[in-house]
Amino acid sequence: MEKTHMPELVSHQFDPVYDEHSRILILGTMPSVKSREHQFYYMHPQNRFWKVLSSLLEWEFPATTEQKKQMLLCNHIALWDVLASCEIHGSADSSIKSPVVNDFKPLFARTQIQSVYTNGRKADELYRKYSLPATGRAAIYLPSTSPANASFSLDRLLASWQVILEGIW
Numbered sequence: 003m004e005k006t007h008m009p010e011l012v013s014h015q016f017d018p019v020y021d022e023h024s025r026i027l028i029l030g031t032m033p034s035v036k037s038r039e040h041q042f043y044y045m046h047p048q049n050r051f052w053k054v055l056s057s058l059l060e061w062e063f064p065a066t067t068e069q070k071k072q073m074l075l076c077n078h079i080a081l082w083d084v085l086a087s088c089e090i091h092g093s094a095d096s097s098i099k100s101p102v103v104n105d106f107k108p109l110f111a112r113t114q115i116q117s118v119y120t121n122g123r124k125a126d127e128l129y130r131k132y133s134l135p136a137t138g139r140a141a142i143y144l145p146s147t148s149p150a151n152a153s154f155s156l157d158r159l160l161a162s163w164q165v166i167l168e169g170i171w
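Per the working numbering, the sequence shown runs over residues 3 to 171.
Derived by calculation from the structure, the hints in this document are not laboratory data.
Just to be clear, a hint being listed does not mean it is correct.
[What the hints assert, rightly or not] As a list, the in silico BS3-like pairs of lysine-lysine whose alpha-carbon atoms are at most 27 Å apart:
hint: 1; residue 1: Lys99; residue 2: Lys36
hint: 2; residue 1: Lys53; residue 2: Lys71
hint: 3; residue 1: Lys107; residue 2: Lys131
hint: 4; residue 1: Lys71; residue 2: Lys107
hint: 5; residue 1: Lys36; residue 2: Lys71
hint: 6; residue 1: Lys99; residue 2: Lys131
hint: 7; residue 1: Lys36; residue 2: Lys53
[Said to hold, decoys possible] Pairwise CB distance ranges, derived in the manner of DEER restraints:
hint: 8; residue 1: Gly92; residue 2: Glu62; range: 26 to 36 Å
hint: 9; residue 1: Glu39; residue 2: Met8; range: 11 to 21 Å
hint: 10; residue 1: Leu160; residue 2: Leu75; range: 29 to 39 Å
In this text, a Cβ means the ideal position worked out from N, Cα and C, and glycines have one as well.
Turn these sequences into a full structure, and let the hints guide you.
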């Protein structure tokens with residue numbers, strides 16, 4: 003008997019990473035299956051997010067969740083996702099239905115965030131459609147660090163993501 007692939011209703015289960023000194027916000031779409039299992043962002047071993055950030059920041063690659071949080075906070079980076087919940091097949095952003103966005107106003111009120119960046123097309127699309135009208139803060143699109151974005155080499159990602167350094171210092 004063939005297994006049907008029904009979308010799963012998923013709620014975001016872990017907090018954003020930020021402190022009062024955060025100057026930029028990087029937004030994904032929704033945590034992947036691996037990230038939900040590990041209760042932290044970008045935990046799929048093939049996702050290049052942590053490699054890109056540590057390279058740009060000239061920071062030793064963070065192996066643990068605490069090291070990842072420390073790297074973010076020491077460099078004034080806040081990290082969250084656009085969605086609070088959605089229906090999704092596995093980790094496929096293209097399958098997202100019934101999106102419910104996070105409320106960014108409290109985060110902006112508690113931080114010094116001046117620039118918002120979206121990690122991938124779907125995060126950018128959802129932020130522009132649902133969050134921009136509420137926040138009034140435009141986002142800068144960055145190509146996805148996901149392994150699904152195989153057309154972007156690590157070098158191309160590093161070149162594209164370099165723009166985040168302007169907002170940190």
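Checked hints:
Simply put, lysine 99 and lysine 36 have alpha-carbon atoms about 20 Å apart, close enough for the 27 Å limit, and the pair holds. For the given pair, lysine 53 sits about 14 Å from lysine 71 by alpha-carbon distance, which is consistent with the 27 Å threshold. The hinted pair formed by lysine 107 and lysine 131 meets the criterion: a straight-line CA distance of about 16 Å does not exceed 27 Å. For a cut-off of 27 Å, the pair hint linking lysine 71 to lysine 107 stands: about 22 Å separates their Cα positions.
Pair hint lysine 36 plus lysine 71 holds up; C-alpha atoms about 18 Å apart against a cutoff of 27 Å. With a C-alpha separation of about 14 Å, the suggested pairing of lysine 99 with lysine 131 holds against the 27 Å cut-off. Of the pairs offered as hints, the one joining lysine 36 and lysine 53 holds, with about 17 Å between alpha carbons and a cut-off of 27 Å not exceeded. Between glycine 92 and glutamate 62 the beta carbons are some 32 Å apart, a value that agrees with the proposed interval 26 to 36 Å.
Distance hint for glutamate 39 and methionine 8: a CB-CB separation of about 19 Å, consistent with the stated range 11 to 21 Å. In this structure the supplied range 29 to 39 Å is violated for leucine 160 paired with leucine 75, their Cβ-Cβ distance being about 22 Å.
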